[in-house]
Amino acid sequence: MIILKLLLGLGTKEDFDPTPMNIFITGLILGASFLGTVSLLIYVVLSII
Numbered sequence: 000m001i002i003l004k005l006l007l008g009l010g011t012k013e014d015f016d017p018t019p020m021n022i023f024i025t026g027l028i029l030g031a032s033f034l035g036t037v038s039l040l041i042y043v044v045l046s047i048i
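Numbering (numbering that gives the first Met the number 0), first residue to last: 0 to 48.
None of these hints come from the bench; they were simulated from the model.
Errors might be hidden in some of the hints.
Pairwise CB distance ranges (calculated) [unchecked claim]:
id: 1; residue 1: V44; residue 2: P17; range: 33 to 41 Å
id: 2; residue 1: L40; residue 2: D14; range: 33 to 41 Å
id: 3; residue 1: S46; residue 2: I22; range: 34 to 42 Å
id: 4; residue 1: D16; residue 2: S46; range: 39 to 47 Å
id: 5; residue 1: D14; residue 2: S46; range: 46 to 54 Å
id: 6; residue 1: V44; residue 2: P19; range: 32 to 40 Å
Owing to the predicted nature of the structure, the values given are computational and were not obtained by experimental measurement.
Beta carbons: idealized from backbone N, C-alpha and C, even for Gly.
Between the sequences and the hints, there should be enough to build the whole structure, so can you do that?
Laid out in structure tokens, this is it:
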């Protein structure tokens with residue numbers, strides 16, 4: 000939810016002090032979703048061809 004607020008600029012200013020573990024987990028989630036999307040697109044394109 001905090002990511003959506005940061006992206007859209009919504010809500011009041013919050014005191015958010017991320018720990019290194021929070022940053023690491025967020026990076027893993029974003030990386031996995033990106034790589035999953037790319038691999039899904041590759042699979043769909045190759046299955047059409």
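Cross-check of the supplied hints:
no. : hint                   : verdict
1   : V44 to P17: 33 to 41 Å : holds (36 Å)
2   : L40 to D14: 33 to 41 Å : holds (39 Å)
3   : S46 to I22: 34 to 42 Å : holds (36 Å)
4   : D16 to S46: 39 to 47 Å : holds (45 Å)
5   : D14 to S46: 46 to 54 Å : holds (48 Å)
6   : V44 to P19: 32 to 40 Å : holds (37 Å)
When the structure is compared with the earlier hints, no violation turns up for any of them.
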